[in-house]
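Protein chains: 4
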Amino acid sequence: MMRTTRLEAFSDGVIAILITIMVLELRMPEGGDLAALRTVWPTFWAYVLSFVYLGIYWNNHHHLFHVVEHVSGGILWANLHLLFWQSLVPFVTGWMGQNHFAAAPTALYGLVMLMSAIAYTILQSAIIARQGRNSLLAGAVGRDRKGKLSLVCYVLAIGLAFVDQWLSDALYVFVAVI
Amino acid sequence: MMRTTRLEAFSDGVIAILITIMVLELRMPEGGDLAALRTVWPTFWAYVLSFVYLGIYWNNHHHLFHVVEHVSGGILWANLHLLFWQSLVPFVTGWMGQNHFAAAPTALYGLVMLMSAIAYTILQSAIIARQGRNSLLAGAVGRDRKGKLSLVCYVLAIGLAFVDQWLSDALYVFVAVI
Amino acid sequence: MMRTTRLEAFSDGVIAILITIMVLELRMPEGGDLAALRTVWPTFWAYVLSFVYLGIYWNNHHHLFHVVEHVSGGILWANLHLLFWQSLVPFVTGWMGQNHFAAAPTALYGLVMLMSAIAYTILQSAIIARQGRNSLLAGAVGRDRKGKLSLVCYVLAIGLAFVDQWLSDALYVFVAVI
Amino acid sequence: MMRTTRLEAFSDGVIAILITIMVLELRMPEGGDLAALRTVWPTFWAYVLSFVYLGIYWNNHHHLFHVVEHVSGGILWANLHLLFWQSLVPFVTGWMGQNHFAAAPTALYGLVMLMSAIAYTILQSAIIARQGRNSLLAGAVGRDRKGKLSLVCYVLAIGLAFVDQWLSDALYVFVAVI
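Residue numbers (our numbering), protein chains in the order written: chain A, 1 to 178; chain C, 179 to 356; chain Y, 357 to 534; chain X, 535 to 712.
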């Protein structure tokens, strides 16, 4: 069994790196004037959105592990599973930005978000399963309406991406805000 | 509430990564002789400047949190806000270097610096607000003339970039020195 | 002599970075539709495989050092040796993915895996040598059949890569599962 | 004043990132056969050399700070100065490898190594100055013949690079071994 601090430090490291390398997808424009900067604009906004998302996950991650002292193998792999989906965020962020929030990249972005949310739910369940139904965390999580609403929003956004991608992008912002 | 050590470790990680990936913007020159190296020269100096800036922020960041024990949600997001603007430093550094300190990139560099400085001020206020006006930090910060002078310098530098960018660059060096 | 926590933190950092920069090898496709995504497909699976491998190593690494309190110079360099081979994982992962699991990249992937496994065995021996044959770890490791089986599989997979690379890739998945 | 653990963690982070992003300079060859791999060969060896160098620095860095409890502003900046020169290692490693150990890149590599060694000496002096001449560290460092020999070797190697770069590269290996 591993101490929680270790798992947290590792997860912090991965999220810190993800948040930082995302900015590498902001490819430098060719020219040196303000007009050249406009080509970076969509990627910039995709970056802002993903930065906020990863910030939220980092924040939630800590609340989740706040009451945990030791982690089992199951929790460890549930956590790696979550990090796996989050590690794809820079890729989908860059792809979405570079294609000006086109349908397919927007849908893929939603898919990665959906898988992250599911991975988070699995991790949460694994921790609660270990601590018992009556634990502090189980109470705090409760029926977790926000979590379930997020899942629904992501599924909606993936479908909507092929109809009107702006509606889909608006949904991502909406989830981040709640 | 999060322990400060965690927030510090995360911020340290982000700044360490930023300082290191900046060097990736030093694109390897085509040829293998010293003449080829000359094309990297402006980016090198932009790199030195940004390295010093991030070093200063890292240093100040620690002094800021030295007396803080727990962080609230507000402080946490004020800190992420600061990291967001700093994460743009490698991008603007590379763009400024690649365009030989041209007007627009120099102005953008100043904008990112200005936003970082503002984000730092917000973070400082959030911490003082939490600790009370009579706290140690509130006293240490005092009227913070250096901070205010920096803000003025950045605004000046952004404007000057379109008149004479060297004057503007000189201002950045000046702020780093004080 | 170094405290183990330091060596662990450093190794954690390196593995966290490796797992994250691997995703940078997922080069963004040119187009913005789902068809364009197909070109990334093989690299994606190579990435999944390597992510699981590095996850396993990270997990094992902790179990290995769980009972160690101080590390000697020998252990330190054995650990750096292991990290060296693992640092090549993103490179071979990207090369294998980009060439659709062709013979040579698949063999090279196996070579890096083999060298990592050997480096791990050396590290294990260095720790046992220091702690004594009767130590807890020596008992836990025992005859380490899984470890030896892995080595055999990697050698087989390297040879098989030039006959039928899919058989070779299947072997990598098999080792990861056990 | 900053606790040493913080400065060490930050330095560890930077070195861990440097050692890892160096591998990004191993550009994937175009083809998928073993012949294509030959183009990566020189960069690979440059990478091995730099990996060992950074490993040595990381190791020495810890011995240096082993007896230090608090760091002053001077030590902090001396440390950042050292990290600055080390952050250039991936760049010069890649340039040297890509140009098959040509004269100019080999000389530049030596220059970065020389500056790192000088920065290390400055850091050492800053720590001793703070702890007093009779301190444990001052005794351990003694006349530091190895350190001085390294400096001489680097200067020699920079000059030799323009005469016979292989002799120069041999010197780098020699310094790493001692």
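Mixed in with the good hints there might be a few duds.
As the list claims (entries may be wrong) - Among chain X residues calculated to face chain C with C-beta under 7 Å, some are:
| # | residue |
| --- | --- |
| 1 | Val-548 |
| 2 | Gly-566 |
| 3 | Leu-614 |
| 4 | Phe-618 |
| 5 | Ser-621 |
| 6 | Phe-625 |
| 7 | Trp-629 |
| 8 | Asn-633 |
| 9 | Phe-635 |
| 10 | Ala-638 |
| 11 | Ala-651 |
| 12 | Ala-653 |
| 13 | Ile-656 |
| 14 | Ala-660 |
| 15 | Ile-662 |
To be verified - Ranges of calculated distance between the beta carbons of each label pair, as one might list FRET restraints:
| # | chain 1 | residue 1 | chain 2 | residue 2 | range |
| --- | --- | --- | --- | --- | --- |
| 16 | A | Asp-33 | Y | Arg-359 | 29 to 35 Å |
| 17 | A | Arg-130 | C | Leu-327 | 35 to 41 Å |
| 18 | X | Val-707 | C | Leu-327 | 18 to 24 Å |
Hints listed in this document are in silico derivations from the structure and should not be mistaken for laboratory results.
Glycine included, each C-beta is placed from N, C-alpha and C at the ideal position.
Comparing the hints with the structure gives:
Given the 7 Å rule on beta carbons, the hint for Val-548 (chain X) holds: about 5 Å separates it from the nearest Cβ of chain C. Violation of the interface hint for Gly-566 (chain X) is found here, the shortest Cβ-Cβ separation to chain C being roughly 24 Å, above the 7 Å cut-off. For Leu-614 (chain X), the interface hint holds, since its Cβ comes within 7 Å of a Cβ in chain C; the closest pair sits about 5 Å apart. For Phe-618 (chain X), the shortest C-beta to C-beta distance to chain C is roughly 6 Å, which falls under 7 Å, so the interface hint holds.
Taken as an interface hint, Ser-621 (chain X) checks out: its beta carbon lies about 5 Å from the nearest beta carbon of chain C, inside 7 Å. Interface restraint check for Phe-625 (chain X): the shortest CB-CB distance to chain C comes to about 5 Å, inside 7 Å, so the restraint holds. Look at Trp-629 (chain X): its Cβ gets to within about 5 Å of chain C, closer than 7 Å, so that hint holds up. Annotation: interface hint on Asn-633 (chain X) holds; nearest CB of chain C at approximately 3 Å, less than 7 Å.
The beta carbon of Phe-635 (chain X) is not positioned within 7 Å of any beta carbon in chain C (closest approach about 9 Å), and the interface hint is therefore violated. The criterion of a C-beta within 7 Å of any C-beta in chain C is met by Ala-638 (chain X), whose closest approach is roughly 5 Å, and the hint holds. Given hint, Ala-651 (chain X) at the interface with chain C, is violated; its Cβ is 19 Å from that chain's nearest Cβ, farther than 7 Å. For the restraint placing Ala-653 (chain X) at the interface with chain C, the shortest Cβ-Cβ distance is roughly 13 Å, beyond the 7 Å limit, so the hint is violated.
Proximity of Ile-656 (chain X) to chain C is violated relative to the hint, the smallest CB-CB distance being about 15 Å (cut-off 7 Å). Contact between Ala-660 (chain X) and chain C, as hinted, is not supported at the beta carbon level, the nearest pair being about 15 Å apart and thus beyond 7 Å. Hint on Ile-662 (chain X) is violated. Least Cβ distance to chain C is approximately 22 Å, over the 7 Å limit. A hinted range of 29 to 35 Å is violated for the C-beta pair Asp-33 (chain A) and Arg-359 (chain Y), which are about 53 Å apart.
For Arg-130 (chain A) and Leu-327 (chain C), the hinted distance range of 35 to 41 Å is not satisfied, since their beta carbons lie about 54 Å from each other. A hinted range of 18 to 24 Å is violated for the C-beta pair Val-707 (chain X) and Leu-327 (chain C), which are about 50 Å apart.
In this structure, the earlier hints numbered 2, 9, 11, 12, 13, 14, 15, 16, 17, 18 are contradicted, and the remaining ones agree with it.
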